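Heads up: the protein sequence lines correspond to chains A and B, in order.
Take any residue in the first sequence, count from 1 to its spot, add 22: that is its number in the numbering used here.
The numbers in the numbering used here rise by one with no breaks, and the one at position 72 of the second sequence is 59.
Derived by calculation from the structure, the hints in this document are not laboratory data.
Remember, it's a predicted structure, so these values are computed and weren't measured experimentally.
Misleading hints may appear alongside valid ones.
[Unchecked claim] Calculated cross-link-like contacts (lysine-lysine; reagent style DSS-like; alpha-carbon spacing at most 27 Å):
(1) Lys77(A) <-> Lys14(B)
(2) Lys75(B) <-> Lys149(A)
(3) Lys35(A) <-> Lys46(A)
(4) Lys149(A) <-> Lys22(B)
(5) Lys220(A) <-> Lys149(A)
(6) Lys316(A) <-> Lys328(A)
(7) Lys42(A) <-> Lys77(A)
(8) Lys149(A) <-> Lys77(A)
(9) Lys119(A) <-> Lys220(A)
(10) Lys62(A) <-> Lys75(A)
(11) Lys224(A) <-> Lys14(B)
(12) Lys125(A) <-> Lys110(A)
(13) Lys75(B) <-> Lys22(B)
(14) Lys77(A) <-> Lys46(A)
(15) Lys32(A) <-> Lys75(B)
[Stated by the list, open to error] Some chain A residues flagged as far from chain B (calculated, every beta-carbon gap over 12 Å):
(16) Ser50
(17) Gly67
(18) Glu90
(19) Gly99
(20) Lys119
(21) Val120
(22) Asp152
(23) Ser186
(24) Arg198
(25) Asp293
(26) Pro307
(27) Gly312
(28) Ala327
[Unchecked claim] Under 10 Å between C-beta atoms, here's a sample of chain A residues computed to sit facing chain B:
(29) Lys77
(30) Ile166
(31) Pro171
(32) Ser175
(33) Gly202
(34) Gly231
(35) Leu235
(36) Asn243
(37) Glu255
(38) Ile315
(39) Asp324
Glycine included, C-beta positions come from ideal geometry on N, C-alpha and C.
Chain residues, written in single-letter form:
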Amino acid sequence: MSQQSPLMQKGEKVIKLRCKLLLKLLRSWIKVAGVFNMRKKLQAGSIASLLWKNKFLMPMSVSSALVERAIEQIGTGYETNVEVSRRKAMVFADSGKVDHEGKFTIYGQIIQQLNRNDANMNYFRIKDTDAKCYRITFRGEGAIDAGGPFRDSLTNIAQELERSVLPLLIRSPNNRNEHGTNRDCFILDSRSTTPSHKLMFKFFGGFLGFAFLSKSPMPFNLAPWVWKQLIQEEVTLNDLEGIDAYSAQVLRDLQNYAQMLSDQDFEAGVDQNFTTVLSTGEEVPLCDDGANIKVTKANISDFVAKVLAARANEAAF
Amino acid sequence: MTVIQNKSEVLDLLTWEGLEARCTGEKHISVERLKSITTFPNNDASHPIIGRFWRVFEAWSDVERSAYLKFVWGRSRLPIDLTRLSRKHEVRLMPHLGATAFPQSHTCFFQLDCPDYATDELMNNRLSAAAQLCGEMDTDNNAGEDLD
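With the rest of the complex left out, here is chain A (with noise of 0.2 Å):
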């Protein structure tokens, strides 16, 4: 314990300083935050794009006012009603099928009924963490909801989205093949592209919408490469090994060859063509007729970008 920080050597006279400087980058952060036009923030070398890539050195703190002052000039919804047998979607849960026209389910039900109240969603726009989106009969069931119901069925979404019996969510292959991180999470199902799908994708992105404006918490277990897509970031080979463990290693592993081995070496031992498996476990090519395309040591970078691409827009629609 005697071994001190560089800083903490320099002394209480300059750690004050450093922190009041500090406190000053982050009130001219603050004010300056609101100025640029943050839809450049893809575009490179613009203001926007270099406090876009910094954010992450801004305290939650005042990244958290700076939100709440902007939720301020969102305008609130108000409440809708719905009814729904839980029991219903128990005996379609029962069946063991999936509910692809977003009917039979507690989130079909409701999602049917909302859309028909309001198609522009305006319930959604809550701000308080107790209010209602709407008011929630459970038929058969008796409760009048003063808010637990409604509570209760936001529960029972998030519930139902991460079983088999909505075609919404998958679980990440870490999670199923119980290897890397995140064991516990889900990812989009890119094979769900109907319109009555869409519908639903789109319901589940105005209760992620509820829940971030009112901060009421919907118990969702999305993967880190899920919420980075949601706000725009490119997603990287470690962020990969986040859903995909072993794919992850595999392209490290070929990036590994291609340093260490000559082109012989890695024409001889590596059998690998521009085709990869996606979360859903369907192989496609990355290319036209990539199946006959070979990975080489010229080609290799590209091969690896094209795996990242073309997983990161497995779910792009």
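Given the structure of chain A, go ahead and fit chain B onto it with the hints provided.
This is chain B only, laid out in the frame that chain A set:
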């Protein structure tokens, strides 16, 4: 992804961790955080039920704590910001319920009606059982008129 994405500038200053915390709360249910919003209105601060409740709750895993929260509140996690809750957690001692009865909950009011359990074991047994088994609500009215 684009269907559920919201390209609002509100999100531009948040990290993914910040976004997740806001939307989902924490998977880990902290005893200290729940304590900060809990009262025992029906009895004085020295009543053994208070210590008993927290000993039982602390011994639970996050999964069990989550099930308890769902039983008394409907939610299975605590929000990241506890200052805006309109109702705080109340554990009300109800000796008339009988010493070995199951507890009752009022999810709208975030309330537990708790019998005066004589031991930690009994309290743990009754509370966990109620939290694990209760998926439906049937106290405000009579259930069972609709079985489709």
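Right, here's what the structure says about each hint:
no.	hint	verdict
1	Lys77(A) <-> Lys14(B)	holds (24 Å)
2	Lys75(B) <-> Lys149(A)	holds (18 Å)
3	Lys35(A) <-> Lys46(A)	holds (17 Å)
4	Lys149(A) <-> Lys22(B)	holds (25 Å)
5	Lys220(A) <-> Lys149(A)	holds (26 Å)
6	Lys316(A) <-> Lys328(A)	holds (14 Å)
7	Lys42(A) <-> Lys77(A)	holds (20 Å)
8	Lys149(A) <-> Lys77(A)	holds (24 Å)
9	Lys119(A) <-> Lys220(A)	holds (19 Å)
10	Lys62(A) <-> Lys75(A)	holds (12 Å)
11	Lys224(A) <-> Lys14(B)	holds (25 Å)
12	Lys125(A) <-> Lys110(A)	holds (10 Å)
13	Lys75(B) <-> Lys22(B)	holds (10 Å)
14	Lys77(A) <-> Lys46(A)	holds (16 Å)
15	Lys32(A) <-> Lys75(B)	violated (47 Å)
16	Ser50	holds (14 Å)
17	Gly67	holds (17 Å)
18	Glu90	violated (10 Å)
19	Gly99	holds (15 Å)
20	Lys119	holds (17 Å)
21	Val120	holds (19 Å)
22	Asp152	violated (4 Å)
23	Ser186	holds (19 Å)
24	Arg198	holds (20 Å)
25	Asp293	holds (33 Å)
26	Pro307	holds (22 Å)
27	Gly312	holds (23 Å)
28	Ala327	holds (19 Å)
29	Lys77	holds (5 Å)
30	Ile166	holds (5 Å)
31	Pro171	holds (7 Å)
32	Ser175	holds (8 Å)
33	Gly202	violated (18 Å)
34	Gly231	holds (6 Å)
35	Leu235	holds (9 Å)
36	Asn243	holds (7 Å)
37	Glu255	holds (7 Å)
38	Ile315	violated (28 Å)
39	Asp324	violated (24 Å)
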